[in-house]
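Assembling the complex is the task here: the two chains are given apart, and the hints tell you how they should meet.
Residue numbers (my numbering), protein chains in the order written: chain A, 4 to 157; chain E, 3 to 129.
These aren't lab readings, by the way, just hints derived from the structure by calculation. Warning: the hint list may mix true and false statements.
Said to hold, decoys possible - A few chain E residues that don't get close to chain A, going by computed Cβ distances all over 12 Å:
| hint | residue |
| --- | --- |
| 1 | Lys77 |
| 2 | Glu78 |
| 3 | Asp111 |
As the list claims (entries may be wrong) - Covered by chain E, per the in silico footprint, the following chain A stretches (three or more residues, Cβ under 8 Å):
| hint | stretch |
| --- | --- |
| 4 | 13-21 |
| 5 | 46-59 |
| 6 | 77-90 |
Values in this document were obtained by computation on a predicted structure and should not be read as measured data. Glycine residues also receive a C-beta, built at the ideal position from the N, C-alpha and C atoms.
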Amino acid sequence: MNNSVRVMCTIQENAIDKKSIKALERMIKRVYQGHFGQEYKLNCIWLTMPFGQSFLAAENSTTSTVQIPVADELAAPLRHAFMSEVCTQWQSITDCNKNEIILACPDDGYAQRYFEKVDERFNPSLKHFIKIKLLWRLLIGKLKNGYFTTSINF
Amino acid sequence: MPMYTVTTNKPMAIAKRQELARVIMNIHCGLTHAPQTFVNVVYSQNVSLRKGIAINILGNVRKGRTSEMNAQLTKEMHEGVASFLNINRNLLELSLFEVNASWVMEGGDILPEPGEEEDCEWLRQKH
Numbered sequence: 004m005n006n007s008v009r010v011m012c013t014i015q016e017n018a019i020d021k022k023s024i025k026a027l028e029r030m031i032k033r034v035y036q037g038h039f040g041q042e043y044k045l046n047c048i049w050l051t052m053p054f055g056q057s058f059l060a061a062e063n064s065t066t067s068t069v070q071i072p073v074a075d076e077l078a079a080p081l082r083h084a085f086m087s088e089v090c091t092q093w094q095s096i097t098d099c100n101k102n103e104i105i106l107a108c109p110d111d112g113y114a115q116r117y118f119e120k121v122d123e124r125f126n127p128s129l130k131h132f133i134k135i136k137l138l139w140r141l142l143i144g145k146l147k148n149g150y151f152t153t154s155i156n157f
Numbered sequence: 003m004p005m006y007t008v009t010t011n012k013p014m015a016i017a018k019r020q021e022l023a024r025v026i027m028n029i030h031c032g033l034t035h036a037p038q039t040f041v042n043v044v045y046s047q048n049v050s051l052r053k054g055i056a057i058n059i060l061g062n063v064r065k066g067r068t069s070e071m072n073a074q075l076t077k078e079m080h081e082g083v084a085s086f087l088n089i090n091r092n093l094l095e096l097s098l099f100e101v102n103a104s105w106v107m108e109g110g111d112i113l114p115e116p117g118e119e120e121d122c123e124w125l126r127q128k129h
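Okay, chain E solo, but in the shape it has when bound (with noise of 0.2 Å):
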C-alpha cells in the first residue's frame, strides 16, 4: 500500500506505465513521507472507460492522514500525472480509497499505521 489501479482505454507502451508508475511514487511518498517500497501501481488496459475519460486512477491508500492531506494528494497526483501524460486534466479521473493499515499484510507482516513506518520490521529489512 498505497496501490494505485490505472484504468485507460487504450494500451499505453511499457516504457511510459514505468515512467508513470515513477511520478505516482514520487508525488506520493513526496507528499506523505512514505517509503518508495510501499508505492505499488497497477495498470488495466483497453476498459471502456465513462464518456470523456481516457485515464482512470484509484488510489488505495492508508487510512490515517487527515482529509486535507487526502485532498492535497489528489490534487497533486491529479496535475502531476495530467502534466506527465499531457493531457487535458478533465481526461482524467482521480480518486482514493482509505483502507486500515491493519486489514493487509506485506511482507510477512501488518501494514503500520502512516507515519509509523519505523516500526515496521519487514521495512527495516528491506533498507
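Chain A with its partners taken away, still in its complex shape (with noise of 0.2 Å):
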C-alpha cells in the first residue's frame, strides 16, 4: 500500500452543512494517522447524492456511505477499532444515528480493484473524457467549498 489513501464518502445532498463536512474530513485523517501513522495522506472525495437516488430496503434512505482502505491484511482487531471511532466519530460531527452510516474499510487491494471495477462502466472511449469532467468538477467543488465535491450524476 502506497501512503496515498482514496477516501469515497457518498452522502446525501443538503443532509450535511459544510462546514461538518470539513469537520468529519479532519476527524478521518486524524483517526487514521493516529491508528496508522503520520506518515498516510488522504484525500478525501465528497459525492453527493439528490433525493430520490438512495434506497434502503426499497424506502428512500438518508444513509452515508463511506469507504476508507486499509493496508492489506490488516488484522481485524485494528480494523474494527478505527471502524468503531469513525463511525463514532462522524455521528457525533453530524448528529446522526448510527444507522445513517456505512462504513467499509477494505484491503487497499480490494479498493483498487472495486475502483476499476466502476471504471469498467464508462465508455471506453469517452473515458478520459470522463474523468477528466470528474476531476474539474471535483475541482469546482474545492474551490466552491474547500473540499473535493461533486454530484453522483454525470
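If you want it as C-alpha cells, here you go:
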C-alpha cells in the first residue's frame, strides 16, 4: 500500500452542512493517522446524491456511505477499532444515528480492484474525457466549498 | 450490504427508481434470505456507459456464498431487472463484487457473515 489513501464519501445532498463536512474530513485524517501512522496522506472525495437516488429496503434512505481503504490483510482488531472510532465520531459531528452511516474499510488492494470495476462501466472511447470532466468538477467543488465534491450524477 | 449501484445513461423517474429498488431487494432476499434492511440501492445517472449498454448494475455483496449461489443471483437479477424495465437483456450489464463482511460496519456493528444474521445486534434491534 502506498501512503496515499483515497477516501470516498457518498452523502445525501444538503444532509450535512459544509462546516460538518470539513470537520468530518479532519476527523477521518486525524483518526487514520492516529491508528496507522502520520505517513499516510488521505484524499477525501465527497459525492453528493440527490434525494430519491438512495434506497434502503426499497424506502428512501438518508444513509451516508464511506469507504476508507486500509493496509492489506490488516488484523481484524486493528481494523475494527479504527472503524468504531470513525463511526462514533461521525455520529457525533453530524448528529446522525448509527443507522445512517455505512463504513467500509477494505484492503487497499481490494479497493483498487473495486475502483477498476467501477471504471469498467464507462464507454472506453470517452473514459479519459469522463475522468477529466470528473476531476474538473471536483476542483470546482474544492474551490467553492473547500473540499473535493461533486454530484454522483454526470 | 448488499449495495447495488445502478448506473444509467439517462435519468429514471423517482417512482421507477423506487420500484426497481424493490425488485432488486426482492430478488436478492428471495434467493439469499438476507434481511431486507440490509439491501441498499443507489443510482448514478447520465453516465456514458459502454456502447450498447443502457443500464449497469454493480452489486457489492458479502463474501461467503457459493459460486453457484452467486451465479444464480446474477442470472435471476439480470432476468428480473430486464423484465421489470421491459428492455432487451443485452442492454443490461450486471456483475457482483464480493466484499468481506468483516470489512463493513452498519448500524454501529460489523456485518455478520452470510447466514449468521441472527447474531447481529443491530438487526435484532431493528426488527
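Status of each hint after checking the structure:
1. Lys77: holds (19 Å)
2. Glu78: Glu78/E is indeed farther than 12 Å from all Cβ atoms of chain A, at 17 Å.
3. Asp111: violated (8 Å)
4. 13-21: violated (count 1)
5. 46-59: Since 6 is at least three, the answer is holds.
6. 77-90: holds (count 6)
In the structure shown, a violation is registered for the earlier hints numbered 3 and 4, in ascending order.
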